[in-house]
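Here the sequence shown is numbered in my numbering, starting from 18 and rising by one per residue.
The set of hints was computed from the structure by calculation and includes no laboratory data.
Built from N, CA and C at the ideal position, the CB exists for glycine as well.
Incorrect hints may appear among the rest.
Claimed, not checked - Below, a list of computed lysine to aspartate or glutamate pairs in the EDC-like style, where the Cα atoms sit at most 20 Å apart:
(1) K153 <-> D95
(2) K92 <-> D22
(3) K92 <-> E69
Stated by the list, open to error - Label-pair restraints from in silico Cβ distances:
(4) R96 <-> R128: 21 to 27 Å
(5) E121 <-> E60: 17 to 23 Å
(6) Q122 <-> G77: 32 to 38 Å
(7) P67 <-> R88: 20 to 26 Å
(8) P147 <-> V23: 19 to 25 Å
(9) Y87 <-> T29: 15 to 21 Å
(10) L80 <-> V123: 41 to 47 Å
(11) T74 <-> R52: 22 to 28 Å
(12) A42 <-> P143: 23 to 29 Å
(13) G75 <-> L118: 34 to 40 Å
(14) Y37 <-> G77: 37 to 43 Å
(15) Y37 <-> R150: 26 to 32 Å
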Amino acid sequence: MPGPDVRPLLTTLTFQARTYDIDFAGIVSNIVYLRWLEDLRGEMLAAHYPAERILSTGIGPVLLHTDIHYRRALKLGDRPQGRMWVAEARRTRWVLQAEFLLQEQVVCEARQTGAFVDYARMRPVPVPEPLSRALKDAGVGG
């Protein structure tokens, strides 16, 4: 497991709260953060093991669990920065940590657990070698 200041495979994106992201209370809807987490995870994978390569093997990532904590509301026009990195990696599972910041203040934190599965059998398989290698190079995984 990496130290507290180490953020293996760190991925950063800037988002913008748009009109369709706002709920009846005038703030960014909780579901939007889940979409932004998908964007971050997709960007992370694209940098190390693009979706086209993953899917051509018959295996792919699945999300098992999301734990999310909303700290402060975002409003229309806000441009939070999203950051995601690998917190833990095992043979068949990985845990991703994410945060959303507005003006360097954390507004949301999330943790996601995922795995890779053989789509034909829907059974877990080891993390694919290119991604496993990137994780080992970053100091996580085993």
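TODO: Would you pick out the hints that fail for this structure and give their numbers low to high?
DONE: 1, 2, 3, 7, 10, 12, 14, 15
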